Amino acid sequence: MKFLWENPLLIKELREEVRSRKIFFLVPAYIAILATVALIAVGNSTGTGFNPLTLAGNARLTLFSFIITISILLGLIALVLGASSFTTEREKATYELLELTPLSYTALVLGKFLHAMVIVLLILLSSLPVISTLFFMGGLTYSDVFLSFFYLLLFLSAMTLGAICISILANGTIISIILALGVGVAISILFGIVSGSVFRQPAQLGFAVLSPWLVTWQQIFQPTSLKLAGVIFPVWPVYLLLYSLLTLLLLAWARNALDSRKLERNPWPRLLGLVFVNVYVAIGCLCSRSYAPFTARDLQDSYQVLMFVVLVSLPFFCLGGLNDRDRARFERQPLLESLHPGRLCTNYSPTGLLFLAVLLLTVSINITICMSAPWRLSLVYFKNLMIWILPWVLIFAAQRLSGAHARTLFVTYLLTALLCTLVAAFRQSSGAAKTIFDFYLNTTVLSILYGFSAFYFIIGRIHYKRKKEPVHAIAAN
Amino acid sequence: MAGPRSWWNDGVRPMIELKGVTKMYGDLKAVDNLSLQIAEGEIFGFIGPNGAGKTTTIKMLATLLVPTSGSIRIAGINPEEEPRAVRSTIGYMPDSFGVYPDLAVWEYLDFFGAAYQIPPNKRNGLIDDVLELTDLTAKKYDLVEALSRGMKQRLCLAKTLLHDPAILLLDEPASGLDPRARIEIRELLKELKKMKKTILISSHILSELSDFCTSIGIIEKGRLIVSGLISEIESGINLSRPYRLTSIDPLPLIETFLRSKGITQLDQTDGFLQFACSQNVEEAAALLSSLVTAGFRITSFQPVSRNLEDLFMRITKGEVS
Chain A
1 MKFLWENPLL IKELREEVRS RKIFFLVPAY IAILATVALI AVGNSTGTGF
51 NPLTLAGNAR LTLFSFIITI SILLGLIALV LGASSFTTER EKATYELLEL
101 TPLSYTALVL GKFLHAMVIV LLILLSSLPV ISTLFFMGGL TYSDVFLSFF
151 YLLLFLSAMT LGAICISILA NGTIISIILA LGVGVAISIL FGIVSGSVFR
201 QPAQLGFAVL SPWLVTWQQI FQPTSLKLAG VIFPVWPVYL LLYSLLTLLL
251 LAWARNALDS RKLERNPWPR LLGLVFVNVY VAIGCLCSRS YAPFTARDLQ
301 DSYQVLMFVV LVSLPFFCLG GLNDRDRARF ERQPLLESLH PGRLCTNYSP
351 TGLLFLAVLL LTVSINITIC MSAPWRLSLV YFKNLMIWIL PWVLIFAAQR
401 LSGAHARTLF VTYLLTALLC TLVAAFRQSS GAAKTIFDFY LNTTVLSILY
451 GFSAFYFIIG RIHYKRKKEP VHAIAAN
Chain B
1001 MAGPRSWWND GVRPMIELKG VTKMYGDLKA VDNLSLQIAE GEIFGFIGPN
1051 GAGKTTTIKM LATLLVPTSG SIRIAGINPE EEPRAVRSTI GYMPDSFGVY
1101 PDLAVWEYLD FFGAAYQIPP NKRNGLIDDV LELTDLTAKK YDLVEALSRG
1151 MKQRLCLAKT LLHDPAILLL DEPASGLDPR ARIEIRELLK ELKKMKKTIL
1201 ISSHILSELS DFCTSIGIIE KGRLIVSGLI SEIESGINLS RPYRLTSIDP
1251 LPLIETFLRS KGITQLDQTD GFLQFACSQN VEEAAALLSS LVTAGFRITS
1301 FQPVSRNLED LFMRITKGEV S
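Line by line, the protein sequences are chains A and B. The working numbering puts the last residue of the first sequence at 477; the count rises by one with no breaks. The working numbering puts the last residue of the second sequence at 1321; the count rises by one with no breaks.
One or more of the hints may lead you astray.
[What the hints assert, rightly or not] DSS-like cross-link-like pairs, simulated, lysine-lysine; straight-line CA separation at most 27 angstroms: (1) K1139(B) / K92(A); (2) K1059(B) / K1152(B); (3) K1152(B) / K22(A); (4) K1122(B) / K1140(B); (5) K262(A) / K1029(B); (6) K1140(B) / K1221(B); (7) K1152(B) / K1194(B); (8) K1139(B) / K1152(B); (9) K1221(B) / K1194(B); (10) K1196(B) / K1122(B); (11) K1019(B) / K262(A); (12) K1221(B) / K1139(B); (13) K1193(B) / K1152(B); (14) K92(A) / K1140(B); (15) K1190(B) / K1140(B); (16) K262(A) / K1059(B); (17) K1059(B) / K1261(B); (18) K1019(B) / K1221(B); (19) K1122(B) / K1152(B); (20) K92(A) / K1152(B); (21) K1122(B) / K1194(B); (22) K1059(B) / K92(A).
Derived from the structure by calculation, the hints contain no laboratory data. Small disclaimer: the values here were computed from a predicted structure and weren't measured.
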């Protein structure tokens, strides 16, 4: 642990932070907001007479209000600190100096991450006196407060690292902060929807366990355990496991993104991604099976969620930087490089789609085993998924061959996906589609998609042949 | 023209070695098949117009860019395979750099000292040493934001020297400075020369380099046109040497006489006559003798010291990539 606290970047950041004025304004403003929430809650709790049960219930509600308020305030602070971390270094022209020190990329990311977390933790600790007043009202235990803070801090650490990742990719601080806030809001809405679904279907708890608000609510009002294949687990170890994996995944990814020249090929993001997704799916499916026996509908729902996730994340598996030598190698042997088993788990973008195939295969096997579903049925849904993904693979491969920039790939994907969705919506306007598979996997949409892939492939080959000669000339040097 | 020097023949260890290095930015060739060796203890002036590929080359040496093709060795290490080992060996000062304004000068150096893994018990002494070398001791406890631009430049140089690198890569170290700060940086570089550092210094202000460079390389449109010792380059391109004379007799008469002797590039300004003569001093002595024999009363006859600007202008065409 010593290397964490002796990280030179952390010490430097803290020295700068304590000299800036913003921290002196931030803490009083934060305490003032919390105190206002406390005043409103206590004011509402005073009825016509003294009732300990009412007071205890209000203490729980006030603590939950505090957690929501703190998660919004500290979430904003964590997002802003994370999103401005590397962009400000680039804007101040200090990043090159930082990069040239023997500090590893991991140490750089950790330095920025720990700085943001120390600030967040200090602000959180400053709210303890306000929160401690709740104990006068009764009805709360120390573990309620401790676990609520624990859930919140793990969530904030993942948010901070996510914002740091955005900061590594973004060109400017303002853009980075806007993007990070946008992603933060989107995730909050998603967690809100998933948390709401648990109240209707408790079997969904395994999938919703990532929501900090849901687990906090359950801890304060209705302590619940997680049932996985009939075995009862407390919620916090599962939450800790998932968030630890997520934090490590983001850390590994940020470290790779920082190495823009790809001098070191690091397998950790893909391996951790594979483990995280499979652990999450296993927890969700096992929990779901514990509440009710398997039905074909459950399997279909799981594959539809998988298809939705793939639909959103597909471009990210083929984006990512290639250095000049990688590009020359890829343009010489595109097929062999895309299927290179030795580079499957490294951060090598040509093998991204192959990695996606491996990921989907392991998740499908995982779902089938955890749900004890029939293999034949699972295979049908897996085939549907592959029919949908294959044309995208061809489109991305064709564009890579033509030397298209990552941005072009992304725009092509968005436009094609939009076109497919519009056509599908038009065709299904009669209301025939009941599932995502029904919606997208119809003849018209698939014809368009495969037609597009053939078109891009031909165009890509023409571009490739035009560019082939100079690339080979460079490689020969 | 003189080609790349081969140090291994002299038994001197090359500290910086580039072989056929090319760097492409899309379709633009920023550096084109560049080969170069710089020996230990050498001060190498990297000269070229803006956009010629100097900064790209230095960034490739500093592990900040990867060459499209070709190979680089820094103190025998491949920067692509062992970037961290190379980073410990080099001190890089970029042409435009930032500072942390909210830190004190000693904190700024302490941060980089810690980042370069200098043990805390040695760090304070080293910080004092580099502050003394860069003449910033009096500013040790001042905030960086309070320093002038010249002082910040010296602070960046102090940071570059902190981990005692064997190789210094200095990209336009005096750009944007006033004359006094420029002279101070030049004096500092002379100190570093005495410390036997291998230095690659780029500049397009050639008077900065002529004082202390042992060798130079001239780059234009991404190609290294010439490299080697200044004297080698001069003889390699067979430059004539300018001479200047003064006389009691009318200068037009002397000019006519010199023209009859086949001397060209004659120029009369401010009471003296300048002309281009051979590199060979014996030929110059014979010319002086013929002038005296012809009865001209010569009061002074001396070679004009040529600077890097002349050399640069003769070699390059002023094109940029």
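Q: Starting from the hint list further up, note which numbers the structure goes against and sort them upward.
A: 6, 9, 12, 17
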